[in-house]
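Asker: Sequence:
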Amino acid sequence: MSHAILRACLPHGFLHTFDIDESRVQEAQREFIEHGFGKNVKVTHRNVCALGYGEDLENSVDACLLDLPRTWDAIEHAYKVLKPDGSRLCTFSPCIEQVQQNVAKMTELKFKDIITLECLIRPFQVHLSKMRVWTDDILQGLVELDKKRFENLNNLLDQTKKIKTEIESTSSAQDSTDVELPRTSQSSSSSLPYEYPDLETLNKTLNDPKSSFSANMLPKKSHTYAKQFHETISHSGYLTFASKRL
201 MSHAILRACL
211 PHGFLHTFDI
221 DESRVQEAQR
231 EFIEHGFGKN
241 VKVTHRNVCA
251 LGYGEDLENS
261 VDACLLDLPR
271 TWDAIEHAYK
281 VLKPDGSRLC
291 TFSPCIEQVQ
301 QNVAKMTELK
311 FKDIITLECL
321 IRPFQVHLSK
331 MRVWTDDILQ
341 GLVELDKKRF
351 ENLNNLLDQT
361 KKIKTEIEST
371 SSAQDSTDVE
381 LPRTSQSSSS
391 SLPYEYPDLE
401 TLNKTLNDPK
411 SSFSANMLPK
421 KSHTYAKQFH
431 ETISHSGYLT
441 FASKRL
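Numbering-wise, the sequence shown is residues 201 to 446 according to our numbering.
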């Protein structure tokens, strides 16, 4: 946490960090020096809830972050070190009951712009999947296929109408003259080159043409997608922000 805040303060800012445990103070100071931040941070062994931050920091701090067991006990001390106009305070609490005590203390000290945000861990499952996709070339090909089918069906419809008209004319002439037509083949019913569908079915096909195209012909493309877990186990956390303005 201190390293992240320190990087945000650089290159001209300075970080003061406090801890009640002397061993952690020594370890943190050693790490900062090893990482090249020795001139930009000061680690102090001090109980800020009871003793505050010291008179030398009063009205000189731009922002203060409190992550303590009893944060509300340190808010008044933080108020003293924050700059008079526009400085910011942030407190972290693991439960809403502590948030209520923090907000009550901030309100008592006339902090402004008080707002609380809930912090939750939301892990996601990331998967790589291959999905079939429509391309411009495929769509154009299907359009051309439909045009061809319409042309073929229209030609078939014209031929069917023509043959039906000829059959009806021949039948009418036979009835009026009562003359038997000569047989041109052994099986006149099978003399047609193919079997014609009825006009109703043909018209329905023209209005809703279907091709033999299958979606399995589409090319595959890799896609990465993320999906949130249905259940997530994590600790609750709340960040409360406030501004000091006189």
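No wet-lab data here; the hints were simulated from the structure.
Since we're looking at a predicted model, the values are computed, not measured.
Please note that a few of the clues may not be correct.
Restricting the straight-line Cα-Cα distance to at most 30 angstroms, the calculated cross-link-like pairs of lysine-lysine (DSSO-like) are [stated by the list, open to error]:
id : residue 1 : residue 2
1  : K280      : K239
2  : K347      : K420
3  : K330      : K239
4  : K312      : K330
Per label pair, the in silico range of CB-to-CB distance [as the list claims (entries may be wrong)]:
id : residue 1 : residue 2 : range
5  : A208      : T424      : 25 to 33 angstroms
6  : K421      : T307      : 50 to 58 angstroms
7  : N352      : H327      : 13 to 21 angstroms
8  : P323      : N352      : 55 to 63 angstroms
9  : E308      : E258      : 31 to 39 angstroms
10 : K239      : K280      : 38 to 46 angstroms
11 : E222      : T307      : 17 to 25 angstroms
12 : Y425      : L251      : 48 to 56 angstroms
13 : R270      : L320      : 17 to 25 angstroms
14 : F324      : E258      : 41 to 49 angstroms
15 : F214      : Y425      : 39 to 47 angstroms
Note that CB positions come from ideal geometry on N, CA and C, so glycine has one too.
Asker: Given the hint of 41 to 49 angstroms, check if F324 and E258 actually sit that far apart at their C-beta atoms.
Answerer: holds, 45 angstroms
Asker: Has the given pair, K347 with K420, been kept, meaning a C-alpha gap of at most 30 angstroms?
Answerer: holds, 26 angstroms
Asker: Okay, R270 versus L320 on CB: inside 17 to 25 angstroms?
Answerer: holds, 24 angstroms
Asker: Is it true that F214 and Y425 lie within 39 to 47 angstroms of each other by Cβ?
Answerer: 45 angstroms Cβ-Cβ, so the 39 to 47 angstroms window holds.
Asker: Kindly confirm whether 38 to 46 angstroms is satisfied by the beta carbon distance between K239 and K280.
Answerer: Distance hint for K239, K280 is violated at roughly 26 angstroms.
Asker: When you check the alpha-carbon spacing of K312 and K330, does it fall within 30 angstroms?
Answerer: With a Cα-Cα distance of about 52 angstroms, the restraint between K312 and K330 is violated, given a limit of 30 angstroms.
Asker: Is 48 to 56 angstroms a correct range for the gap between the Cβ atoms of Y425 and L251?
Answerer: For Y425 and L251 the Cβ distance comes to about 53 angstroms; the hint holds.
Asker: Using the C-beta atoms of A208 and T424, is the stated range 25 to 33 angstroms upheld?
Answerer: This hint holds: roughly 31 angstroms between Cβ atoms.
Asker: Look at the Cβ atoms of K421 and T307 and judge whether their distance stays inside 50 to 58 angstroms.
Answerer: For K421 and T307 the Cβ distance comes to about 56 angstroms; the hint holds.
Asker: Does 31 to 39 angstroms hold as the CB distance between E308 and E258, or does it fail?
Answerer: violated, 19 angstroms
Asker: Would the hint linking K280 and K239 be met if the CA-CA limit is 30 angstroms?
Answerer: holds, 25 angstroms
Asker: Holds or violated: K330 with K239, Cα cutoff 30 angstroms?
Answerer: violated, 53 angstroms
The structure is inconsistent with the numbered hints 3, 4, 7, 9, 10 and 11, although it conforms to all the rest.
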